[in-house]
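Engineer: Sequence:
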Amino acid sequence: MEPFERASFFSPQAGRLIEAPRHAHARFGIGDVVRHRHFDFRGVVFDIDPVFANTEEWYEAIPQEIRPEREQPYYHLLAENGENSYVAYVSQQNLVGDADGGPVEHPAVADLFEGFAGGRYRLRNGMTH
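When the letters of the sequence shown are read in order and numbered with full-length UniProt numbering, they come out as residues 1 to 129.
Simulated from the structure, these hints should not be mistaken for lab results.
Just the calculated beta-carbon pair ranges, DEER-fashion:
| hint | residue 1 | residue 2 | range |
| --- | --- | --- | --- |
| 1 | Ala24 | Glu114 | 24 to 32 Å |
| 2 | Asn125 | Ile66 | 36 to 44 Å |
| 3 | Arg122 | Ser85 | 14 to 22 Å |
| 4 | Ala99 | Asp47 | 13 to 21 Å |
| 5 | Asp40 | Ala61 | 17 to 25 Å |
| 6 | Ala24 | Trp58 | 17 to 25 Å |
| 7 | Ala24 | Arg67 | 13 to 21 Å |
| 8 | Phe39 | Asn125 | 30 to 38 Å |
| 9 | Gly102 | Glu57 | 28 to 36 Å |
| 10 | Tyr89 | Gly118 | 23 to 31 Å |
On a predicted model such as this, the values are computed, not experimentally measured, just so you know. Even for Gly, the Cβ is constructed at its ideal location relative to N, Cα and C.
Please construct the entire structure, taking both the sequences and the accompanying hints into account.
Structural biologist: Below, the structure is given as structure tokens:
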């Protein structure tokens with residue numbers, strides 16, 4: 001018997017079913033502003049996968065010495081650095097809260113969120129899963 005109940009979900013990014021624990025603990029929520037621990041970018045969380053749910057090619061492209069574990073939450077971010085705005089996919093172990101850093105200047109923020117207060121965004125009505 002496995003110690004944790006498992007469930008499956010379809011990942012459009014990976015193009016396949018992903019098996020994950022039925023209950024996972026995400027440190028951050030949708031609308032939270034976060035910063036990468038090692039790289040110079042920050043963003044707002046707009047989706048969360050309970051475990052790694054991207055392609056094998058994406059995972060294998062990460063240098064092995066810094067490759068994160070698969071069995072942890074992964075966050076989809078509307079990200080920004082000093083030069084660009086983009087979408088990032090980051091493991092929980094590589095994120096820290098950045099509530100004091102102010103709003104994120106990503107052009108898609110207004111499409112998903114409204115209002116920024118207390119270091120987090122409020123999801124627009126009708127934008128839930």
